[in-house]
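J.: Go ahead and model the full structure; you've got the sequences and the hints to work with.
For the protein sequence lines, the chains are X and F, in the order given.
To convert, note that position 50 of the first sequence is 50 in my numbering; the numbers rise steadily by one, no gaps.
Residues are numbered in my numbering as their position in the second sequence, beginning at 1, plus a constant of 1000.
Quick caveat, the hints were computed from the structure, so don't treat them as lab data.
No residue lacks a Cβ here, since even glycine has one placed at the ideal position from N, Cα and C.
Hints may contain errors.
Claimed, not checked - When the alpha-carbon atoms are kept at most 35 Å apart in a straight line, the in silico DSBU-like pairs for lysine-lysine are as follows:
| id | chain 1 | residue 1 | chain 2 | residue 2 |
| --- | --- | --- | --- | --- |
| 1 | X | LYS219 | X | LYS97 |
| 2 | X | LYS398 | X | LYS285 |
| 3 | F | LYS1352 | F | LYS1398 |
| 4 | F | LYS1372 | X | LYS161 |
| 5 | X | LYS161 | F | LYS1180 |
| 6 | F | LYS1075 | X | LYS97 |
To be verified - Away from chain F, derived, C-beta distances all over 10 Å, residues of chain X:
| id | residue |
| --- | --- |
| 7 | GLU154 |
| 8 | GLN166 |
| 9 | LEU188 |
| 10 | VAL313 |
| 11 | SER359 |
| 12 | ARG375 |
| 13 | GLY403 |
Here are the chains, one letter per residue:
Protein chains: 2
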Amino acid sequence: MKTKKIFLSEKEMPTQWYNIQADMPGEMLPPLHPATKQPLGPDDLAPLFPMELIKQEVSKERYIDIPEEVQDIYKIWRPSPLVRAYNFEKLLDAPVKIYYKNESVSPAGSHKPNTAVPQAYYNYKEGVKKLTTETGAGQWGSALSFAAEYFGIELQVFMVKVSFLQKPYRQFMMNTWGAKVVPSPSTLTESGRKILDEDPDSPGSLGIAISEAVEMAAKDENTKYSLGSVLNHVLMHQTIIGEEALRQFEKTDDYPDIVIGCFGGGSNFAGISFPFLRKKITENKNTRVIAVEPESCPKLTRGKFQYDFGDTVGLTPLLAMYTLGHQFVPPKIHAGGLRYHGAGPIISELLKDKLIEASAVHQLESFDAGVKFARSEGIIPAPETTHAIAQVVREAKKAKEEGVQKTIVFNFSGHGLVDLAAYDQYLSGKLHDYSISQEEIEKSINSSKVL
Amino acid sequence: MKTKKIFLSEKEMPTQWYNIQADMPGEMLPPLHPATKQPLGPDDLAPLFPMELIKQEVSKERYIDIPEEVQDIYKIWRPSPLVRAYNFEKLLDAPVKIYYKNESVSPAGSHKPNTAVPQAYYNYKEGVKKLTTETGAGQWGSALSFAAEYFGIELQVFMVKVSFLQKPYRQFMMNTWGAKVVPSPSTLTESGRKILDEDPDSPGSLGIAISEAVEMAAKDENTKYSLGSVLNHVLMHQTIIGEEALRQFEKTDDYPDIVIGCFGGGSNFAGISFPFLRKKITENKNTRVIAVEPESCPKLTRGKFQYDFGDTVGLTPLLAMYTLGHQFVPPKIHAGGLRYHGAGPIISELLKDKLIEASAVHQLESFDAGVKFARSEGIIPAPETTHAIAQVVREAKKAKEEGVQKTIVFNFSGHGLVDLAAYDQYLSGKLHDYSISQEEIEKSINSSKVL
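T.: Structure, rendered in C-alpha cells:
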C-alpha cells in the first residue's frame, strides 16, 4: 500500500536553523534609522529586541543552533509530516507528484509558533517581563500568546479592530493562553488615542497596531516588542520547515522541481524554501521557487524596490524592499496574513537576483483551489494557504499541457478552522475579487516615497 | 533529550479492529424491536444500515479486517501520536507519568472520522446514494461530511437547532465538505413538521434530530442512516485508537496503570480502552479503566440499568443499558457530545461486570483542567475532552497523597478550536455548574420506563 505521510522521529529533527544570508550572491542594502536615515546599529534596536535576536538579524553564520529548550517545545508538534497528496493529484489528473509540508499541526494551527517560541525564549533569557505585538487576523498573536505563556512572560496584543470584531475566536484563543488583547486603535497608547481623537470609528490597520505595540515597548525598559514576519531572524527561525522537508525527501525517491509558498511578509515562504535555495545556490539544483501573493496586494509582482517603512506611521527602520508604499491599504480579502505592503529585505534581494519567482492569484481562484483540496485531502486550508494551492493547480495544468512530469512541494502553512466564515461566504457566492489599477499602485508608491 | 511523541509509521498501523464482544465475560441482553418488544433480527435493521455493518453489530469474531480503502483514508491522519505530557506532569507535581493519544489531528479535529470513514465506505460498497444523520455540537456531522464526500455519497445532516444557531462554524465546516445541514426540527420530515406545529420555537434535541434522520432514511430505499456512537460496530471502529496505543507503549518502558476517556455515547472511551481491557481480561493486566461523564448527565454513576430507547420519540430499537430515561433533557453544558441519556449495551455490561469504573465531574472543574492543559501542553482541548483531563488531575492528586507512582493514558478526543466561545465564557466567569437532584433522576427514569 502507498505511504502517504513521511515522518521524521524527534531524534531526526534538525538542531540548527539555516541562515540564508551566508549564501546570498547579492549584497543587501542596510536598514536605515527612521529619523537620521543613516545605517542602523545594534544599539538602535536594543530598546525593542533582546540582544541575541539583534545578533541573529545581522549574522552571516550559515547555521545557528536551536537552543535545547526551544527544541523541547518544538517537539509538541515537530517534526511536522510531509504528506503526499495522492487524492488531490488524482483530482487534478496531471503528470505531477504533489507533496505538502503540514504546518497546521501546531497548537496555534500554523507555522507561526516556529518563531514565536524562540523569540519568547530569548526574551525570557534576557529577563524581559512583558512583550507587545500586533496581529491582523490573529494567527501571529495566538502563536505568541502560547509561547509567552510558556515562559511566564506577560503579553499585550494589539489586534486590528476590524479583525477583532470579525474573528472573536482568535481573541478567545489568545485569552485561553493567558494573553491580553485589545482592539487597535486603543486608548492604551498615544498613537492609538491620537487616531481615536481624529476618528473614533477607525477600523484600525496593521500599521496602526504596529505603532501602538512599538510605542508601548519603547516606553518601558522591561518590555520588548515582537514581530511575526519580514525580519531576517524571523524568517530564519522558520527554516526548520524546509530543513525537515529536505530530510524527508531523502526518505523518498523524489526531489522537488517546484517549491511553493504563499506570501505575506515572507515567514512561511522562507521557511519552506530557503533550505531548497541553499541547494540551488551551492549545488546548482534546478528548482523553481515561487512566492504566491494575492492580486489585491501585489508587492512582488507589481511593487517597486525602494526604501520604505514597515508600518503606516513611520516608526520602524527603513528597509530596502519591494513595496506598495507604507500607506497602501489592501482590500479586505480573507487572507488577512497576506495583507502587508512590503516584502522585507531578504526576499526582495532574492527576487531581484532572480533566485525566486513571484505569482499573484485572485481570491476566488484561491478559494476554489482550497475547497477542492479540502474535499479530496480532507484538511481545510487557511485562506492564506489556499493561495499556494491555487499555484499548485496552475503548475499541474501547465505540466499537463507540456506533457512533462513534475514534483511539487508546497507549504501547508495553516488550517482554516478559525476562518470558516470565509468559506461560508465563498460557498454562498458572497465573495468577489478586487482588481487594483496600475495608477492606484503608482500613486501609493509615490506618495509613500521616503528618500 | 526526552522523547515527547511516540509515532508509529504507516506500515505499523493496525490492520484490524478489535471486537470486545469476543472476550466479554457477561452475556448482553439482546436489542428489542421498538413495536413488538421481541428480539431484533438483521432484517429489522436492513432499512437503516448496510448489511456489513449489521453483521459487525452482532459479530463475535475477535478481530475484523479494516478494508484497504479505509486504511488508505485513515492514513490522512493515522497513526496518531501518543504524547508524553511532561509539562502537564510538572504542573501537577505528582508521581505520575501522563500520556495522551492525540485524536485531534484528524481533518475534523476529533476521533469521529475513525468510524465515519468505514461507515461511508460500506454504504458506498452496497450502492447507497444518500445518508442521513443527526448531530449535536457538530463533531459527528462534520466527520461524516468529510467521509461521505470522499465516497461521493450525498449527506443530509439534522443539527439540533440550538447548536445550529450557537455554532455556525461547524455548519460551515460541513458545507465546505459538501454536506447539506438543516436545523432540527425541520420541515423536511413528518416528525419535524409535527414538532414545529406544536412549538414553532422548539430549540430541538438530539432525540428529535435522530427521529428526523431515521424517518428520512426509512422512507427511501436508496437512503441509509448513520450513527456516530453507542452501537457496537461504531465502538469497534474506534478501537484503532487503543490498538495503536498498545503498539506505541511497546516502544516505551511503560504500560498504563490507568486508562481514561470522557464518556457521551462511548465511542472515544471504547476506542482507547477496549484493547487495554482485552489485556485485562485475557492476560490479567491490573489496569483501571475509567469513563468520565458530566455531573449534569450522569447515566453511568446515577442512572439505572434497564431497556430504553436510543431517541426521545421512541423509533429506535430498545437497548439494555444504563440510562437516565430517553426523555431526559440534559442541561446545556458546553460538552455537547456528552449530553446523551444512555450508555449503550457494551459499556453498560462492562460496568455491571466491574471491568470499568465511572466517574462524574462538573463543568467548571473540567474547564479548569482544560485551561491548565492548554497553558502547559499548548493544545486547547474540546470541552468533552476536558472531562478526561479533570479525571487525570484527580488521579494525580490521589497518587501524590498515597505516595505511589502511576502511569496514566487518556484519550485526547478532540481539539477545542471550534468551541472557543465556551472558553471565553469560562474565562470571563459566565459559566456555572448544574446539579441534578436524585428525585429528578428517578422521576425521569420512571417516566421513561418502557417494559
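J.: Each of the hints needs a verdict: does it hold here or not?
T.: The hints, checked one at a time:
1. X:LYS219 x X:LYS97: 52 Å, violated
2. X:LYS398 x X:LYS285: The given pair, whose Cα atoms are some 21 Å apart, holds under the 35 Å limit.
3. F:LYS1352 x F:LYS1398: 25 Å, holds
4. F:LYS1372 x X:LYS161: Since the Cα atoms of LYS1372 (chain F) and LYS161 (chain X) sit roughly 29 Å apart, the hinted pair holds (cutoff 35 Å).
5. X:LYS161 x F:LYS1180: 33 Å, holds
6. F:LYS1075 x X:LYS97: 17 Å, holds
7. GLU154: For GLU154 (chain X), whose nearest Cβ neighbour in chain F is about 14 Å away, the distance exceeds 10 Å, so it holds.
8. GLN166: Since the minimum Cβ distance to chain F is about 13 Å, GLN166 (chain X) lies beyond 10 Å and the statement holds.
9. LEU188: 20 Å, holds
10. VAL313: Consistent with the label, VAL313 (chain X) stays out of reach of chain F, its closest Cβ about 31 Å off (over 10 Å).
11. SER359: Holds, because the least Cβ-Cβ distance between SER359 (chain X) and chain F comes to about 25 Å, which exceeds 10 Å.
12. ARG375: Non-interface label on ARG375 (chain X) violated, nearest chain F Cβ at 5 Å vs cutoff 10 Å.
13. GLY403: Since the minimum Cβ distance to chain F is about 29 Å, GLY403 (chain X) lies beyond 10 Å and the statement holds.
Violated hints, in rising order: 1, 12; the structure is consistent with all others.
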